[in-house]
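K.L.:
So the chains spell out like this:
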Amino acid sequence: MRINEALTKLEGITKQLEKNDLPLEEALRLFEQGIALATKIKTDLDQAKLHINKVIENAEGVFVLEKFDLS
Amino acid sequence: MLTIHLLMTMPKQRIYSVSELNKEARRILESEIGSLWLKGEISNLTLAPSGHTYFTIKDATSEIAAVRFKGSSTLSSLRLDNGNQVLAYGRLTIYEPRGRYQFIVALIQPAGLGALQLAFQQLKENLNKEGLFDKGHKKPLPHYPQRIGVVTSPSGAAIRDILSIFSRRWPAIQVYIFPALVQGEAAAYELVSSVALAERFSHDKTPLDLLIISRGGGSLEDLAAFNDEQLARAIFACSIPVVSAVGHEIDFTIADFVADLRAPTPSAAAELAVPDHTEVTSTLTTLVDMLGKRMTSLIEQKERGLQTELKEYIFRLPSRQMETLSQRLDILLATLLRLTKESWKRQKQRQEGLTGLLRLSDPRLPLQRGYSLTFLAGSTTSLRDSACLAQGQQIETHLLKGKILSQVEEVIDS
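Listed in order, the protein sequences are those of chains A and B. Position one of the first sequence corresponds to residue 1 (this note's numbering), numbered consecutively onward. Position one of the second sequence corresponds to residue 1 (this note's numbering), numbered consecutively onward.
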């Protein structure tokens, strides 16, 4: 799942937990889901690495991707 | 006498037809004078229905007929007006059917200093009138872009600045560079081609969330390609949200006006394009904090309910036993709550990632304290009211470790 999707989902879970009439089991389930999401986002962010490609189009009109290195 | 004399002295003189004369004069004019730069003031300006423009170029004492054919000028946006001082490049010729001596303009630009600025102003005005800069056409930028295209020179300073900001702020992205020259004759053409390439790539292969068009600082002439009308139209037509970042903070180009967002510099474009991961991490902590608080208050609420129930239950016990139990319960619960809150505060102060907060607000905590959850056997909803039960029913009590199956002997209503 993309980081942005996970963040949106986590925000949704937080909103749901605000509801007062939530039974304990449901709250528990949401809470666990939220924590798992938060942990995953944090890990993904910490491990994220920039991917850089140069895009050109060859004579046949096919896209050619070349790895791009700054150094 | 004179006629006779001429005939006598130039017996071999050729007799021309009008067509021959005009043709010969034209040949001489074109070969001897040919192309040249001409400076003067425009008057008698007429725009023919054909799209050609006829006018006179004059100075204080002389004038010459001039024509600009439709589509001939590279600075097509330049609007001519009577009285304009212009610098025109073209060739001198004769329009043979009328024997008309005229100047055919290939290129025309305002004379004197500020020629580029005037052309810029006019293009800006025209595109603005056409609606290319309208707010209503501006596309919003995505909050968390995943794939970002950059149209720029792969060897320029701009791409270095942009990539360095990306890797510092938000490395969770894929960057696609669409190479283009960013100055010189071919720059405008290459920029337009690369924007089109990015659009095709996004449509046919990998959807792009954002496109940055950029180059580093330079002179006004260096940035000229970003004032190209075709580039402006390519940006306007682009279905991907476009951020422009050309030159320094003080430089405004046509590309900036038509882009969905103008960034003052390449670095600023990168900063506007992606969120900061430290900010997102802090948002994350806040969210988890909210989750934890909500969970804690939910648990406290359940605890209060339990306390009341217990108190009501022990009212039925002999008074001494009841007082002891009730006091012990009060002290126990108060201590637990105090400890929980203190521990919560300590953890918050530490802010060491998320795990501390999480463990603290774990809803299993009451089970660790010795509370338990009771279910009607086979049900997944925990029991809140003894009135739901009847004598003889099976109930399941979940402890921190393991569970107990029991049979209801007596139901006491609260």
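Heads up, some of the hints might be wrong.
What the hints assert, rightly or not - Simulated crosslink set (DSS-like; lysine-lysine; CA at most 25 Å straight-line):
{"id": "1", "chain 1": "B", "residue 1": "K302", "chain 2": "A", "residue 2": "K15"}
{"id": "2", "chain 1": "A", "residue 1": "K49", "chain 2": "B", "residue 2": "K70"}
{"id": "3", "chain 1": "B", "residue 1": "K293", "chain 2": "A", "residue 2": "K42"}
{"id": "4", "chain 1": "A", "residue 1": "K42", "chain 2": "A", "residue 2": "K54"}
{"id": "5", "chain 1": "B", "residue 1": "K129", "chain 2": "B", "residue 2": "K70"}
{"id": "6", "chain 1": "A", "residue 1": "K15", "chain 2": "B", "residue 2": "K293"}
{"id": "7", "chain 1": "B", "residue 1": "K205", "chain 2": "A", "residue 2": "K54"}
Derived from the structure by calculation, the hints contain no laboratory data.
K.L.:
Could you tell me which of the numbered hints above are not met by this structure, giving the numbers in increasing order?
P.N.:
2, 4
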